[in-house]
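With chain A held as given, fit chain B onto it using these hints.
Number of protein chains: 2
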Amino acid sequence: MSDEMSIITPRLPRGFVELLPKDQIVFNQMLVIIKEVYERFGYLPIETPAVELKEVLLAKGGGETEKQVYRLATKTGETDMCLHFDLTVPLARYVAQHINELAFPFRRYQMQKVWRGETAQRGRYREFYQCDIDVIGARDPMTDAEIPSVIYSVFTKLGLKDFTIHISNRKILNGYLEAIGLRETSGAVLRAVDKMDAKDLSARLQEAGLDNVRSDDLMRLITLQGANNEVLTPLKEWPLENDLFEQGVAELALVTDGIRSLGVPERNFSLDMSIVRGLDYYTGTVYETRLDDYPKLGSVCSGGRYDNLCGFYIDRDLPGVGISIGLSRLFFQLKEAGLLPHANATTARVMIALADRSSIAYALEVAKDIRHDHINCEVYLEEARIRKQMEYAGRLGIPYVIIIGADEVAKKMVSLKDMAKAEQKLVTLEMAIAIIRWERDHS
Amino acid sequence: MSDEMSIITPRLPRGFVELLPKDQIVFNQMLVIIKEVYERFGYLPIETPAVELKEVLLAKGGGETEKQVYRLATKTGETDMCLHFDLTVPLARYVAQHINELAFPFRRYQMQKVWRGETAQRGRYREFYQCDIDVIGARDPMTDAEIPSVIYSVFTKLGLKDFTIHISNRKILNGYLEAIGLRETSGAVLRAVDKMDAKDLSARLQEAGLDNVRSDDLMRLITLQGANNEVLTPLKEWPLENDLFEQGVAELALVTDGIRSLGVPERNFSLDMSIVRGLDYYTGTVYETRLDDYPKLGSVCSGGRYDNLCGFYIDRDLPGVGISIGLSRLFFQLKEAGLLPHANATTARVMIALADRSSIAYALEVAKDIRHDHINCEVYLEEARIRKQMEYAGRLGIPYVIIIGADEVAKKMVSLKDMAKAEQKLVTLEMAIAIIRWERDHS
Chain A
0 MSDEMSIITP RLPRGFVELL PKDQIVFNQM LVIIKEVYER FGYLPIETPA VELKEVLLAK
60 GGGETEKQVY RLATKTGETD MCLHFDLTVP LARYVAQHIN ELAFPFRRYQ MQKVWRGETA
120 QRGRYREFYQ CDIDVIGARD PMTDAEIPSV IYSVFTKLGL KDFTIHISNR KILNGYLEAI
180 GLRETSGAVL RAVDKMDAKD LSARLQEAGL DNVRSDDLMR LITLQGANNE VLTPLKEWPL
240 ENDLFEQGVA ELALVTDGIR SLGVPERNFS LDMSIVRGLD YYTGTVYETR LDDYPKLGSV
300 CSGGRYDNLC GFYIDRDLPG VGISIGLSRL FFQLKEAGLL PHANATTARV MIALADRSSI
360 AYALEVAKDI RHDHINCEVY LEEARIRKQM EYAGRLGIPY VIIIGADEVA KKMVSLKDMA
420 KAEQKLVTLE MAIAIIRWER DHS
Chain B
0 MSDEMSIITP RLPRGFVELL PKDQIVFNQM LVIIKEVYER FGYLPIETPA VELKEVLLAK
60 GGGETEKQVY RLATKTGETD MCLHFDLTVP LARYVAQHIN ELAFPFRRYQ MQKVWRGETA
120 QRGRYREFYQ CDIDVIGARD PMTDAEIPSV IYSVFTKLGL KDFTIHISNR KILNGYLEAI
180 GLRETSGAVL RAVDKMDAKD LSARLQEAGL DNVRSDDLMR LITLQGANNE VLTPLKEWPL
240 ENDLFEQGVA ELALVTDGIR SLGVPERNFS LDMSIVRGLD YYTGTVYETR LDDYPKLGSV
300 CSGGRYDNLC GFYIDRDLPG VGISIGLSRL FFQLKEAGLL PHANATTARV MIALADRSSI
360 AYALEVAKDI RHDHINCEVY LEEARIRKQM EYAGRLGIPY VIIIGADEVA KKMVSLKDMA
420 KAEQKLVTLE MAIAIIRWER DHS
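Chains as they are written, first to last, in numbering that gives the first Met the number 0: chain A, 0 to 442; chain B, 0 to 442.
These are computed hints drawn from the structure, not numbers from a lab.
Incorrect hints may have been included.
In this list, chains with the same sequence are indistinguishable; a pair is considered to hold if it fits within one copy or across any two.
What the hints assert, rightly or not - Simulated pairs of lysine-lysine, DSS-like, Cα-Cα distance not exceeding 30 angstroms:
id	residue 1	residue 2
1	21	156
2	21	53
3	295	21
4	34	387
5	74	53
6	416	34
7	198	295
8	156	34
9	367	160
10	367	235
11	66	420
12	160	59
Excised from the complex, chain A in its bound form (with noise of 0.2 angstroms):
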């Protein structure tokens, strides 16, 4: 740091974005949507510290995870914090630390932004947003079925229409794998099926001694297609003995008959036994949603079912089911496909500007009655000329202006302009409210 004033270029690290505010309006508008959609289903929120101790966020151990880990540190040197990567493990650790004050299941919703120390590359942020659900606690598959009803519901209320969420139950691949005797090479398997790589998935099977019959049997699983029931039907009567397979197509079969019942529409929603989802961690039903127009785009929302979600903290069994979605990259990947939901270009709906500083007492005063009314209303309260003044208003995208100068406080009338038709007319501040208000409330 240098002690003289010496300019410094003003820019982010690498890695890191921000939005303009008339992105910024769009970007908040989508986390209200979604948490107006969470709160719908009864969710409760929560919100934990950015930081977590290093012991209790590192308690899984290792890997790519704790490469990614941005640790905390004063002057004086590295502190034993770091910045959470994910809402999950920080969900574990409150429910494990405040097990005794929560009902279960606990439906918690969480809306926060993760970081990870990732090599930055296009498309991959440091610092993203998050806004997940969990049920912990819930052991009914019927909990499954209402995951996909939230999820189209936050999709149709963000203006999408053409998606799909995918979804399987990871008991029936591991189930058929178990019954062939693959368990223990699975993992490579099922890396080559979540990648959906017909060759690396025919030569893996080969290795692990599978004959071309089984191989075969195996690819017509995991590539089932069409309508849910022509999906469902054949799981049913899928020639293999397995109870663990036979109870993923059961619960598959529940969790189909939820989805319906909670009006998710069928082309919404696609059985998809190719679905995997993260290695070791699901053990029931799995989703992922995709943009129908957008394939490259990959999952825009993934989760699924677990076990156990606070064996790292606390000796008890906490399975539950949970999504993600991963909102900083949706609304970049949105934004690019032109996708975004509308939305106003700035707060406040009217501006009032001032034909001569005299006037100023009685332009407050219009101000102030019009935010009683509700609506959102700025004051331009520089000297300048008028021209200038609608020209601000002009680039902020503000649809009316009210004009006030000596012959409007004289006639205790306001002078309105609707920007967009450019059209001015002299009329009472109710008037000019009850315009307002409506074009706010119609467009």
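Below, chain B alone, put in the same frame as chain A:
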């Protein structure tokens, strides 16, 4: 990290706090109220990353701040990044970086967490929310009059009535000290004024060679009391010839007029010459907000006018005015004082309980219809006796339970239980929805 499954005590680092869902709902509601007021005045949202480059963050250099900054490290060592410790430095960087894409005056609000490596003590948090507004590029004192109107709206809508916004103008004290030749030593004097420590102030003034007459005069100035006009009138007539002093008084008079035009009651703002706020940052109007019945809490919302926001990053003068609400601290203070705004204990307005599992499809359809009518509805999806389900709803504070069993399915009705009154009746779904909505909108 151990490789085996060993239990790690779930806990937070010192100085970090989190809320149970009931409190989180209240906290989030306070955030929404503040956001709505900020938007009511046309402020635009921005959100900057939690992380800034060290060079950018510490451009101002040194002192206490630098000691409190958390630096980021990865496994391979310290990075060039830090967590922000307030929202003002990030704002300055943001404005300088995006100056050509912003319209000025730039009204922005920003509500985010900040981090400081405080030595942990009661009421000091290492992570807390700040809710800031600033108007950048605003030179006219009329903007200084808008700020108290925003503060008044925020605190009123938070359900507080007995609060006072204390207002001064730094030019008045600075001009006074300049007039009596005390400019160079004014730091010590200002600190004494800030603390309102009359004994210390007398000593400082004697040290500076001030005679008793001058000393008494200054004491009289900073202890001016009474209705706002009873402060303003003597200020206008104060027997002192100094341009800065006179400019400060003139600005304060203008600001007072503006505050009145914006409808802030006299009892909620108070001209108070003892307000100083920060020694080298503020240059004009300054604010402190105090809860009348809780003087020990100190200022719960402070700020003021500054001459130049972005000087470290760009060669352009950008004066402005702003305030900050430290929401985390305020939340815990209000909680302790029993002054938290009333809020629902839970997100769900109604829970659906199942008298028998065979009614699940009907129950899910009922839930779908309730949610479609914009009412938050949870379904108890685990298999459990009805009594256990009711206990769960009671524990969460969900006001209504709809019970569904074979009888309700057969009659196409629902049993609606009012949890507070412990009354249950068989009604149509439409009737149930009407009752739940009425209660929600009138409680």
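To see whether the hints hold, each was checked on the structure:
1. 21 x 156: both (20 angstroms within a copy, 26 angstroms between copies)
2. 21 x 53: Between copies, since 28 angstroms is at most 30 angstroms while 38 angstroms is not.
3. 295 x 21: Answer is within; shortest intra-copy Cα gap is 27 angstroms, inter-copy 41 angstroms.
4. 34 x 387: Between copies only: 28 angstroms across, 39 angstroms inside.
5. 74 x 53: Classified as both; 18 angstroms inside a copy, 12 angstroms across copies.
6. 416 x 34: between (36 angstroms within a copy, 27 angstroms between copies)
7. 198 x 295: Answer is within; shortest intra-copy Cα gap is 20 angstroms, inter-copy 72 angstroms.
8. 156 x 34: both (11 angstroms within a copy, 22 angstroms between copies)
9. 367 x 160: Classified as between; 19 angstroms across copies, 41 angstroms inside a copy.
10. 367 x 235: between (67 angstroms within a copy, 28 angstroms between copies)
11. 66 x 420: neither (57 angstroms within a copy, 56 angstroms between copies)
12. 160 x 59: neither (38 angstroms within a copy, 50 angstroms between copies)
In this structure, the earlier hints numbered 11 and 12 are contradicted, and the remaining ones agree with it.
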